[in-house]
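Whenever a hint applies, use it, and build me the whole structure from the sequences.
Protein chains in written order, with our numbering: chain Y, 1 to 832; chain Z, 833 to 892.
Bear in mind the hints are in silico, worked out from the structure with no lab data behind them. Note that the structure is a prediction, hence the values are computed from the model and not measured. Hints may contain errors.
Unchecked claim - Simulated crosslink set (BS3-like; lysine-lysine; CA at most 27 Å straight-line):
hint, chain 1, residue 1, chain 2, residue 2
1, Y, K159, Z, K846
2, Z, K846, Y, K629
3, Y, K338, Z, K861
4, Y, K531, Z, K861
5, Y, K291, Y, K457
6, Z, K861, Y, K159
7, Y, K290, Y, K246
8, Z, K861, Y, K524
9, Z, K846, Y, K125
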Amino acid sequence: MKIKNITIQGFRGFNEERNIDFHDRLTLIYAPNSYGKTSISEAFEWLLYGITSKVEKADSKEEYKGSYRNRHLPESLTPFVKATFVDDDENETEFNGDLAEDETIQRFVNGQEVESWPLAQDISKVPRPFILQHALKYLLLVRPDERFQGFAHLLGLEKLDLFQRNVVSLCTKPDACIPAEVNQLLKNVSALEACLASQPSLATIQKAFKKGITGLAEAYEIVASECRQRVPPETEEKSVLPQLLKVREDAVAKIFEGRIALPHYSEEEKHANSEDENFFLICIVDSFVKKYTELLALSIVQHTLERAEFFDLGIKLLDKTPGKCPFCGRSIDDALVKHIHDEHANLATEKKRNEALQKQRTEIIKLLAELKSRLAAYQNRHKDKVAQLFALEPTLDKLKTILVPKYQTHFNEVETTILELTTAKNNLETSYSKVLGALAKVETSVTESEEDAALVKVLGETLAEYISDARSYVRTVIGKVSVMSDAAQILKHELDALAGTEDISVLIDLLEQRCNVKKKFEIKGILDGLKALRKSVDQYVANRVLGAISEELTSEVMEWYKQIKTKGDPDVHFDGFDMERTTKGELKARRVQIKARSYGKELVSAVSSLSESKLNALGLCVSIATNLKGESPFDFLIIDDPIQSWDAEHEIQFIEVIRRLVERGRQVILMSHSRKWIDMVRSGCRTINGRFYEITGYTETGPHIAEIPWDRWTERLKEVDAIVKDPTATSVKLQQAEEEIRIVNAELTSELYFKIKGVRKNPHDLNSTKVRKMLVECGIENGLVDRITQTFETTDDAHHASVDYAAHRQRIQRYHAWAHELAKLLKDSHEA
Amino acid sequence: MNNKTTSQDFPCEKCLDELLVELSDPVHKRLIQAYRGNDPVQSMESELANVLIEVLNRED
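In structure tokens, the structure reads:
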């Protein structure tokens, strides 16, 4: 799609509403610096993306807060940017973006509010159709990693770039992903390895351990051998470990018998806790409460049961004395007999309902018994967890003599932990007692048929409180496991030192923890292996990017660079893209190399070798190439001041690039601060007949934009004269002359109208109908009006030639003569 | 509007599949395979934790 026009109000440098119409091929906008040029490209960016790239890439977004709204726009007005886009089938769509108070954009399509623009593809995934002054800064003159990201973005490889960064982050810093229990294992085995290292007599084991998992079997053969040396020779294989344990325990017990032990909740225990808690919660839910309250009906229907028993007896007796009352012998009529039978049937139904409730009561009694039993198991599981540690309490004084002063902190930790866990345990026991109390009352109410809904409510509340306290208790225990494990290791170490059993202790640990040692090696292997994964991902991504930049981007950028390339000395130029390599030839991760060549020799890097002017030109070529690469819904390209810091030769070369972009179907909107260069572009693209604007001034109201004729009609007529007189002029040239005549006639009509009627009409908006009407209004004689109108006949109102159009020299010569007639009329009116 | 429909969206899934073919380590394969869904980083990190827990809980 192309842009037909844009209207801006209150956005950036624009205050009052301004409109700019664009040529469908080339529009030039000249303005001195700070006159609002960049606001135009920013308005487009904001309209399409809801954010400008300047704000998006800013280090501090805060600095740009409130920068979209023009400070001079009256409070009552809403800033907006509105643009009309035209698709390939000439359908027009108006996109309107209102700047909301929270700086977001409110989108409207043809006046209807929408969530997003109705574009067939996600425009965030195609290159933005803008080439901005600061584009180069973010691509070439940045750190290598940022350059890589810039290229990934240009090539649409952002997801791959992000993937690589995420994998690298995981592989270099996996610690956060290691579960606590795995960390505990690693820590325990590391402590064991440290103890092993401190035993010179066991150095051979340590040496084998250093080989990693491959040395494990060898290490354990030596462990077995060392163990044998420390037990009586006749000891059986299976008795070696118990024998060693006994030796150590006997020696250590002479010094201290207690143990610092606070184990983790095992997976099995965790599962049991979770199952029990779920069961407790079931007991609080509505279905249980409903069932319980239904039992209230039992007491109410009790008398019905008694009546039913009486009726049972009555019916049996009545069957034996038909027509007479079995109790008094009086006669009973058929109606009364039927009534008695009906009443009996009703009572039988009631009885059945009662039986169901009785069954329900039995179930509830069973459920309450199970609740009681599981509560006890749950409570004991938590109590048992700390039992060993609490057993240490009476011997704390003795423990102090062993650990203090060297391990004062660890001793304090043991004391504090016992204290904190005692408090947690007491809390838990208190709430447990409350639950048991509430449960007992509910049980009694059921067994004595005195159900009371309030009792169940209390049971629910106490259960909820108990579960909450239990979870808090578990958190306290888990939080202390690690510190107690450390203290246990210290105590063990100290006791072994005092008892002279350090080597035996290490051997015992090695035997007992053989499985953990193996797991530690495996886990370390997995974690160390992440380096290899990183390398694989680095190489894969580097190869993908290399493919994209060397196979596609290099040739496309080179194509544009050749257009812009300066020819003189020094011969230092861009020579393609590559990925940096190591000395072994492997691709370096995230390192895009921009190659340069000088007089046939490859240079180290373009960034360090090319002049600023050449780097700018290269940046521009990269932007153009990526914009033209692949499919995009945008057929326009907005280029904002490309020639800053360019030398004269690049300025001239770039004009050819603009022409080629137009020829390739791109609608180019080019802005520059250099009037001289813009005039050169206009001259170099003379036959494109685009539109040219000059921002002539700037005040509080915003920029003052004036449209300047692409070329003077006098100049155009001279060119037409030359073509018409040239007998060798091709049909293309003749068609151009015919087009020029129409432009001349539109401009002459516009000037004549202004001269006579005092109203200025834009010649770009004129077609045959409008021209005719204006000439008639100016009082031009009918013959000339008809002739001038006739010059528009070979095109439609949008100035497009019909499919069967053919340039015809005689016709064009006539048109040319008629244009001169109109020109003479204007000249005469000036002289008059 | 009559817009062009071809997208430059990067076929990330395809790349992951290509990479998986190049990897031989089963753990590495699992981690890359986990890089999917709404939060691929979280998914990959969880997978690493799962791998380690499996080693820890394995009965030898």
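> Between K531/Y and K861/Z, does the CA-CA distance stay at or below 27 Å?
Replying inline: Measuring from Cα to Cα gives roughly 14 Å; hence the hint holds.
>> Checking one constraint from the list: CA of K846/Z to CA of K125/Y, max 27 Å. Satisfied?
In response: holds (17 Å)
> Can the restraint linking K338/Y and K861/Z be considered satisfied, given a maximum Cα separation of 27 Å?
Replying inline: Violated. K338/Y to K861/Z sits at ~83 Å, over the 27 Å cutoff.
> Holds or violated: K861/Z with K159/Y, Cα cutoff 27 Å?
Replying inline: Distance of about 19 Å is within 27 Å: holds.
> Would the pair K291/Y and K457/Y pass a check requiring their Cα atoms to be no farther apart than 27 Å?
Replying inline: holds (13 Å)
> Has the given pair, K846/Z with K629/Y, been kept, meaning a C-alpha gap of at most 27 Å?
Replying inline: OK: K846/Z and K629/Y at ~21 Å, within 27 Å.
> K861/Z and K524/Y: Cα distance at most 27 Å?
Replying inline: With a Cα-Cα distance of about 18 Å, the restraint between K861/Z and K524/Y holds, given a limit of 27 Å.
> Do the alpha carbons of K290/Y and K246/Y lie within 27 Å of each other, as the hint requires?
Replying inline: It is violated: about 60 Å lies between the C-alpha atoms, which goes past 27 Å.
> Quick one, are K159/Y and K846/Z close enough, alpha carbons at most 27 Å?
Replying inline: holds (12 Å)
Hints 3, 7, counting from the list given before, are not met by this structure.
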